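Peer 1: Kindly produce the complete structure, drawing on both the sequences and the hints.
Those protein sequences? They're chains D and R, same order as listed.
Residues in the first sequence are numbered from 46 upward in steps of one, following the working numbering.
Residues in the second sequence are numbered from 532 upward in steps of one, following the working numbering.
Do not rely on the hints blindly, as some may be mistaken.
Said to hold, decoys possible - Now the stretches of chain D that chain R is said to cover, found in silico as 3 or more residues with beta-carbon under 8 Å: (1) 187-195; (2) 370-380; (3) 415-424.
FYI, nobody ran anything at the bench for these hints, they're computed from the structure.
Note that the coordinates shown come from a computational prediction; the quantities given were computed from them, not determined experimentally.
Where is the CB? At the ideal position from N, CA and C, for every residue including glycine.
These are the residues of each chain, in order.
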Amino acid sequence: MTASGVSESDRRGRGVNRVILLTVLCAIGMTWAGWAYDGAPHDYVALVVLTVLTIGTRVSRVRVVERVAVASSGIVSLACCVLVGPLGSALMMATTILFERGTTTWRARLFNASMGSIVGAVGGLTFLLVGGPRDLTGVTGPGPLMWQVGLPFVLANLVFSLVNFAVIALIVRVDSGESFRSVFSAMLTTSGLAQIGYGVIGLLFVFLWVPANVGPFSAVLILLPLFVAQWAFVQYAEEERSHERTLSALVTAGETRDPYAQGHSTRVASLAVQLGEALGVSPGQQDALRYAAILHDTGWLGVRARATEHGELPDQAAQDSIRGHAEAGVALLSEISFLADSFGGIRHHHERWDGRGYPDGLAAEGIPLFARIIAVADALDSLTRATSAREALSTEEALEDLRDRAGTHLDPSVVQALSRVLEAHAWRPADPDVEVWPPQWHHDDPTLSDLLANVTAPRAPAASSQRGGAA
Amino acid sequence: MPAAIAALASTSQRSWGTAGRMIVGGALAVALAAAGLTVLAPHPFLESWIVVLAFAVLIGVGEYSRFRIDGRQLAPLTLAAGLAFALTSTSWDVDLSGLTPSPVIMVTAGAMGCGAVLHVVRGRTIQLDEMAVRFLAICVSALLFRSIPIWEGRTLLQVETGWVGSRWLIAIIMSAVAGAGLVTHLVLSALVISRRSAGGFGQALLEELKSGAGLGLALSATGALIALAEKPLGILALPLFLVPLVLTQFAFRQYAAIKRTYAQTVRVLSRLTEVGGFTRAGHSDRVCDLCVEVGRELGLSVRDIRNLENAALLHDIGQVALRAPIPAGATLMAAPADQRRIAADSALIVGKTGLPAEVAAAVEQQATPFRVVRERRQHVPMLSRIIKVVNAYDDLVGGSITPRRREAAVERIHLGLGYEYDPRVVQALVRVLARRHAKTP
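Peer 2: Following this line, the structure appears as structure tokens:
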């Protein structure tokens, strides 16, 4: 909750200092108000236990504990507002924040601690003002507990969070000039949900502590399941990272096979994602597009590559393997269920707008959008790269060439999007010093697409016959 | 409902060992006995039907929302709700302190059966042995808490009902009783699993402890939590206090899902060489299966087995870099320098997969002959030695299944014993092959 407070790299400014001073004064004022309204902390044992617990999670260096620290401090501070009262929770918040790691300047600590005591006192006061009981021992039964404790608790949580977000938005506003409203609403949508969750668990904490009469031991019972959940989330994140890397292993396998393709997948993928953004592909589908673009040539691993002379139509066998690679890619990857949305893009990335491409001879809008995007990115990468038969085209020349192809080979709207994207992001072609394509055709060369388009090829069988010896 | 369980027995497709059969049988007997006792000595538990129904629903939902992780089936909600049921004495204005264990056990069995029936109706398989383990864990806690006089001649339930003052000690006792149920769960699971690996019961128990202790602690805490919070909150405590556990279950399910897709990707990688025509069809899969069996025979840990599995699947992937395939993809016939290059290329690609470093290391050393271990005292990972032997065997057998071909292959490997191949691994392979082909001559 104090994460986006002040950090060291902040610009010095009188505005910031003034806000910090204001926060400190407010903190002193709110703490006094809490004391004046409610008097001494309700329960010193609870105050000490909760303080020690929060400091414990804050100073721990165990990774899972570190992540729980944020959650547990949210839960514990809410519970503290109710169990100990406004004065106690203001003190507890101020003390524990001093132990926070990551913020080292005294100004940052001072600000965060003041903010903590403001929200602590405000939370505690709200609970009492809306009718929450000072002493929970008499309250029992589902009805009374929900109405007399649950409802005030929810309201206290609401005010607690809003004040917290507002103070943070204020300091960000003064410090970096971002608008108060945008920071505030961003926090509401990102941290707001987590805060509701903390609220529910904080309430359980309160119920267990007083009405169920378990006392400090509640902390163990409540936080244990949270630690385990967090552990599983950490495992999940690690596994997901490794999984992303597996895809790069597929690409590496392809590049080990064909050194001339080095970097091709990555370049095509980053351009395809930019094109996707320009064409309004939804964020949820962007991953599928990226996977399709990274893996679009995987099929070459399953098709025997054959050398063919540049400038002439390749022999039948080579034609077959070229026509087969897109399908072979899908066949290879078909077992990976999360790639299901990417298969269209992989299978059809050599279709042509005029319907004379391969493997299925789809035309115009009949070709999946991902495939049309990859086709354009693929062609640009091929043209801006030298082969021993021709020089590499400059980006402008290549774009000119692609514009001529719009409507025959490529989708005009994607080519149009390409011009826009290239204005915004410079295209980085393959490094010309590494290696030059050998004098054979490379299957991505757009001229080859024209040559093949003029041959009436048998569609489906040509592809399946070449899917590799072992299939 | 025990009859329902009996009817379901035929739907489980896995064959269990003696331990598994005994556990399932035991669970059935306990469920039947509980049902009998409930009917013979009718208890007015129907008066508290709302509470009983609430628990039954949660137990059933838990059974329905089970998920798999690492080949194990988990249903944390069932366990937590069942344990809480076993530990409940008062649910606000409903007094359950007179409830004996038998109705608790009977209702649990019925609810679990209903959840399982839903699975069967939807065409999914159920695993009776894992269900039985869960069920018995709940039974142990119920008996321990409700009917065994542990505390100066009184049951813990009686102690709890008569307790005045702060209840932290009660919380600890309840957690411990729930914990005892989960220890039962751990031990019985280990019994079931130990049959699947050669590591024996001790090792299986250790693995269970490592992988299940965290979730077990969370479950025993949640079971105690609900039972404690029910006193002031009534059945409202059930949905409220299951929130943290639902979070846990969600995290575990996500973890399981990503693990599965990861496994799929590795499988696809392993097939690249076959589809490209570099290796014979099924080579990676066969080597993988046999490696895992040999690894178990040698008593490797679960972690090692998992690494061995992945390393064996990917051991030939470096062949995709070859200009022309080597004959039948058999690295055994390739020159030693080529073997090493393929191994190095494979390790390079495996290094990119995000699999543990041990996997890449195992792949890299797969061509190293055993003599360097003896002569130069060089460290060659056990996983590499296993892959070397099994890969050679599969190359020699060449996908053939005739006994003569098998014998010839083993004979040929024996020629390289101690020089090329680790004798311990070869012995394990011979034992595994003998077992395998004793069943299917």
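Peer 1: The structure should be examined with respect to each hint, and the outcome stated for every one.
Peer 2: Taking the hints in turn, this is what the structure says about them:
no., hint, result
1, 187-195, "holds (count 3)"
2, 370-380, "holds (count 5)"
3, 415-424, "violated (count 0)"
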